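Following the hints, put chain G in place on chain D, whose structure we already have.
So the sequence lines, in the order shown, correspond to chains D and G. Numbering-wise (this note's numbering), the first sequence opens with residue -12 and increments by one. Numbering-wise (this note's numbering), the second sequence opens with residue -12 and increments by one.
If you are wondering where the hints come from, they were derived from the structure by calculation, not from laboratory data. Do not take every clue at face value.
Label-pair restraints from in silico Cβ distances [as the list claims (entries may be wrong)]:
(1) G:Lys58 - D:Glu155: 26 to 36 Å
(2) D:Pro234 - G:Gly208: 50 to 60 Å
(3) D:Arg151 - G:Arg206: 29 to 39 Å
(4) D:Arg241 - G:Gly51: 42 to 52 Å
All values reported here derive from a predicted model rather than from experimental measurement. Here a beta-carbon is modelled for each residue, glycine too, at the ideal position from N, C-alpha and C.
Number of protein chains: 2
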Amino acid sequence: MATQQQPLPPEPGDSYVQSFARGLQVIRSFSASAPRQTLSQVAAASGLTRAGARRILLTLQTLGYVASDGKLFALTPRILDLGFAYLSSMPIWNRAEPVMEGLVQQVQESCSAAVLDATDIVYVMRVPTHKIMRISLGVGSRLPAYCTSMGRLLLADLDEQELRARLEASTLEAFTKHTVTDIDALLAKVAQARRQGWCLVNQELEEGLVSIAAPIVDRAGRTVAALNISGQANRTSAKVMQDSMLPALLAAAREISRLL
Amino acid sequence: MATQQQPLPPEPGDSYVQSFARGLQVIRSFSASAPRQTLSQVAAASGLTRAGARRILLTLQTLGYVASDGKLFALTPRILDLGFAYLSSMPIWNRAEPVMEGLVQQVQESCSAAVLDATDIVYVMRVPTHKIMRISLGVGSRLPAYCTSMGRLLLADLDEQELRARLEASTLEAFTKHTVTDIDALLAKVAQARRQGWCLVNQELEEGLVSIAAPIVDRAGRTVAALNISGQANRTSAKVMQDSMLPALLAAAREISRLL
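Chain D extracted, bound-state conformation (with noise of 0.2 Å):
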């Protein structure tokens, strides 16, 4: 969106935004490691004292999104509105499925859509194809922009400056011998990216995992978000990727972006 009238930025400790900063910490403290904490658990994981733990965690359980036994606490399936909030304000996703399941159908391998978010793109849909071997990523999981094909392609509607902005905070990590990790670099294969439509990753955040992406683009021009196909380098070659597969990707994204 373009800026029109700068909000004012909430005063430094506000007692909103701490409060509520605060209790958003204090929810994502738990995690598959810590599906049940004590209180002195939860104060350690979100940098809080025992009592002002104590105070958001019983907040959170009078609103329902925390149980407790009066020990361990736990999140509750209402989190799952707050998501679902988000979901539901993007129709577009809902309208997508079937054309992503078509592709799926022809090209029998995943399918995901993706948004940027500061350095990460955070899956808002999947597909899976039903072959015993694939990377298990629901809706909300996230993982770095710069060495992902959708991830690629979002950077590439940004401007100059901004891109060099979001590559330069992020943790450029090789995490395989493959990975792009400089920063000059890793701008030429946006540039790319951007030149030729869509993107192909090949084996740079795992070994074996080839994919490629198509931007879904809205009525102004703008990439909204990212659809990918993901495979097995040892069953779909990078090559076949390109060749056999690409054609459809590009067709359904289109199909998709005519959606919005």
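Showing chain G alone in chain D's frame:
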């Protein structure tokens, strides 16, 4: 969880509770019909003053959960992190997915898993079949418990007093001519589900929609979630679903229960 020590509830009027509750209300005011809202629209939808809504929107913007051009506000994908904290705190669903995929392959109908939240079921996992006609229910979707197969099975695990309270708190709507809305009749349906260890609901939520559910049971014998198969009555009758798909469904539910 058994109550060991009851935490003191936060005081009414506690500013933490209020600001957090209002923040969540603002998040939930965004929807498919209101994906982008002005300050006045957010205030009206969440029952806040313009000044109150503005403060919360700017807070959410500072935290990266809302984006704005100064006039229109929209949620960002960062919101999905909150629901993701819940899903990743239940690693069972990652391990359940291959089992559900196998079931879908076998019966060629969609398979879902849900948990109970007050009077609703909330979808936590969904493996669609690749057929044209199917129900669009993503993770985080809610349906009333009283008229769904997973809902009745989850209600069957409550004690009699709690069960009656949940049914009395439900808005019992006749979605089709088959929907059971009488509380005593519903108590009988729930008792039947408890007795037989599975539940079939035939076109009570939607004309043409048949669904059968099995319980996912923890080591203490509590039903923590339900697994279902749903299909179209004109393709798969209730009788066919019960005769030919129930054994596979029960086997998959037992397999997932063993992973707990």
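Taking 42 to 52 Å as the stated bounds, is the beta-carbon spacing between Arg241 of chain D and Gly51 of chain G within them? violated (31 Å)
With respect to the beta-carbon atoms only, verify the hint that Arg151 of chain D and Arg206 of chain G lie 29 to 39 Å apart. Between Arg151 of chain D and Arg206 of chain G, where Cβ atoms are some 54 Å apart, the hint is violated.
Within 26 to 36 Å or not, the Cβ separation of Lys58 of chain G and Glu155 of chain D? Between Lys58 of chain G and Glu155 of chain D, where Cβ atoms are some 30 Å apart, the hint holds.
Satisfaction of the hinted span 50 to 60 Å by the C-beta atoms belonging to Pro234 of chain D and Gly208 of chain G: At roughly 54 Å between Cβ atoms, Gly208 of chain G and Pro234 of chain D fall inside 50 to 60 Å, so the hint holds.
When each numbered hint is compared with the structure, violations occur for hints 3 and 4.
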